[in-house]
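Undergrad: Could you slot chain B onto chain A? The hints should help.
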Amino acid sequence: MAPQTDILDLIHESVVTRDAGGRVLSWNAVSEELYGWPRLDALGRNLHDLLKSRHDAPVEELEARLLAEGRWEGEIVRTTASGQERVLDVRWSAERDVDGALVRIIETARDITRRKAAEDALRISEYRYRNMFQAMAVAFWEVDFTGVGAMLIPLRDQGVTDLGAYLHAHRDFVRATMEQAIVADVNAKALELFGATDAAGMIGQNTARFWPRDSEPAYIDALVATMTREPHLVTETQLLRLDGSPIEVLFTVSLSQENRRRGVLLIGVVDISARKQAEGALQRLQAEFAHAARVSMLGELTASIAHEVNQPLAAITTSGEASLRWLANDEPDLDEVRGLAGRMVADARRAASIIARVRAMAERREPERIALSLNMLVEDVRTFLAHELRAQDVGIELNLQPDLAMVSGDRTQLQQVIVNLAVNAVQAMAEAGVPDRTLRFTTGALPDGRLTLAVEDNGPGLPPEPGRLFDSFFTTKASGMGMGLPICRTIVEAHGGEIAGETIAGGARFVVTLPATS
Amino acid sequence: MPAKPLIAIVEDDDSLRPALIGLMRSLGYDGAGFVSAEDFLAADALGTADCLVTDLQLPGISGLDLAARLGGERERPLPVILVTARTEKSIDERGEAAGLFCLLRKPFEADDLISCIRRALDS
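Residue numbers (the numbering used here), protein chains in the order written: chain A, 1 to 518; chain B, 1 to 123.
Treat the hints as calculated values from the structure; they're not laboratory data. Errors might be hidden in some of the hints.
In silico contact screen, one side only, chain A against chain B (beta carbon under 10 Å); selected entries [said to hold, decoys possible]: (1) Pro-217; (2) Glu-258; (3) His-307; (4) Asn-310; (5) Pro-312; (6) Ser-319; (7) Arg-343.
Sample of chain A residues with no beta-carbon within 10 Å of chain B, all distances over it, derived [claimed, not checked]: (8) Asp-120; (9) Pro-246; (10) Glu-321; (11) Ala-346; (12) Leu-446; (13) Arg-489.
Even for Gly, the Cβ is constructed at its ideal location relative to N, Cα and C.
Next up, chain A with everything else stripped away, as it sits in the complex (with noise of 0.2 Å):
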């Protein structure tokens, strides 16, 4: 027995053989190691109750199987001689004589201790996982990817570096990476989502008829997040239900390590339709509402737009009345009448201009986006309130910045918020009676770039609530709605702005601050 044992000490596997009663016969070196137990002290005892073998079904039954047919092999639990407990791969053979009596049983064992305990990490992550895929409130797709990665890994090789771009001028391809993409798992809320009845119904089908064309773009990111290895990409856009309506979604692509791994794509779909109608909605009563407000404020200056008016009327008439004169004449100077029909047509014409001015002021309609100087806009709202400015008595200060960038927006909605911070101005001073009205118009920039203009008056300054000013229905005046101001914050803001009022000495300033165009 000597030779076989050192042999035994090299193994690096526990060789432990015992007999018929189960008492230890041999223990190699690997064994003391594993099992904490000296050669010496573990040889004559019985293995399984020293270690405290345990398997699910009774050690007895084991023994048994290993007597019927010669060998057993399996795992077993056991508790070393510190008390730690190890999982074992064990074998074990039966050695029999010549006459087929039990001689020994020879047993080696490998410890898999630590490989056990990945492998129930990983299922009772995976069992909570498909919980949570199956459970949640939000649709969830898993998508087999493998197709779309052999599509897209030979591009590098042919040297396009640009990913994204490639995509966009690709749309061929990319609806061919659409199709190569296959839906592996869908959860009851996608199936809800989309319409299908049960999972058969969209299992094994390529994803290609759930992007509609417009939405390409939003797919083309999903993959460039992919393949550069971005771990989350949100991105809102719309998809197809299996019945081809459309649905407004959040789309959420997720890509661990692990699923990448398993070439699968992980994709969370929330249905947003309800949120987008209540912010078109929301946008339709805040059109609405400025439009309410446009026109009263309109009628605020409706003295003062039929005085404009009026002014090209009453030369009309005195033009058609002299006129009349030179052709009652004896000698009627042609040419005076004609100068004076000349100057009655162009009057009619400028009282022509004012009333569609004013008539595309009440319109309403839709926000335009074009490049607008805030300079021009400013020159817009002077000539529009010139006679204004002079029946109360309010002279103007220009200090407008020359060069200045060019603001994106609506130009009817931005004139009207400056008209409604110099008539508030204008207002404001009159009430007050004060002396010597000044508006001022200041346009500049920030070193942030974006533009500023300043609207500053000498009146009696901000009412004492200042932080009230910008809120619905708020007003220190004795006529008016109040609804000037936080019409302007809208407007302003819905162009990427801000508005602040401030009381300076002397008086009150209005800063409305605006992105440029880039």
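TA: Showing chain B alone in chain A's frame:
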């Protein structure tokens, strides 16, 4: 009068001023236009005009202030006809105090303006 009467028109609206001058010419008068009271005062017209037609609202001092200032400017006072769109009663009183020859409300009938001017020239 040997020469044609000169009617000074002080009106800042660029449509109405030329139209009024045209009307004066159709009546056989000469018309001279000014965009503000200051322009009129600075020009020679003060001595040579036979009648002044002015709007109330002007860029600098008002037509009423102009009329009041002209009160003691010459031997023979310059008749001033004030035209205005404002409707306040107070303007009538102030107009009287300033010695206006005529006060007309806009929109005015051309005939009314013409008869005022004729009476002013005859006085």
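Undergrad: Taking the hints in turn, state whether each one holds.
TA: Comparing the hints with the structure gives:
A hinted interface residue such as Pro-217 of chain A counts as satisfied when its beta carbon comes closer than 10 Å to some beta carbon of chain B; here the least separation is about 54 Å, so the hint is violated. Violation of the interface hint for Glu-258 of chain A is found here, the shortest Cβ-Cβ separation to chain B being roughly 79 Å, above the 10 Å cut-off. Checking His-307 of chain A against chain B: minimum C-beta separation of about 6 Å stays under 10 Å; hint holds. With 10 Å as the threshold, the beta carbon of Asn-310 of chain A comes within range of chain B, its nearest partner Cβ sitting at about 7 Å, so the hint holds.
Here the hint on Pro-312 of chain A is kept, as its CB sits about 5 Å from the closest CB of chain B, short of 10 Å. Checking Ser-319 of chain A against chain B: minimum C-beta separation of about 5 Å stays under 10 Å; hint holds. Of the supplied interface hints, the one on Arg-343 of chain A holds, with its beta-carbon coming within about 6 Å of a beta-carbon of chain B, less than 10 Å. Every CB of chain B lies more than 10 Å from the CB of Asp-120 of chain A, the least distance being 92 Å, so the non-interface label holds.
With a minimum CB-CB distance of about 56 Å to chain B, Pro-246 of chain A clears the 10 Å threshold, and the non-interface call stands. Consistency note on Glu-321 of chain A: stated as away from chain B, yet its beta-carbon is not over 10 Å from all of that chain's, at 4 Å minimum. With a closest Cβ-Cβ approach of about 8 Å to chain B, Ala-346 of chain A is found to fall inside the 10 Å limit, against its non-interface label. Here Leu-446 of chain A stays apart from chain B, with its beta-carbon at least about 35 Å from theirs, past the 10 Å limit.
With a least CB separation of 34 Å from chain B, Arg-489 of chain A remains clear of the 10 Å interface cut-off, as annotated.
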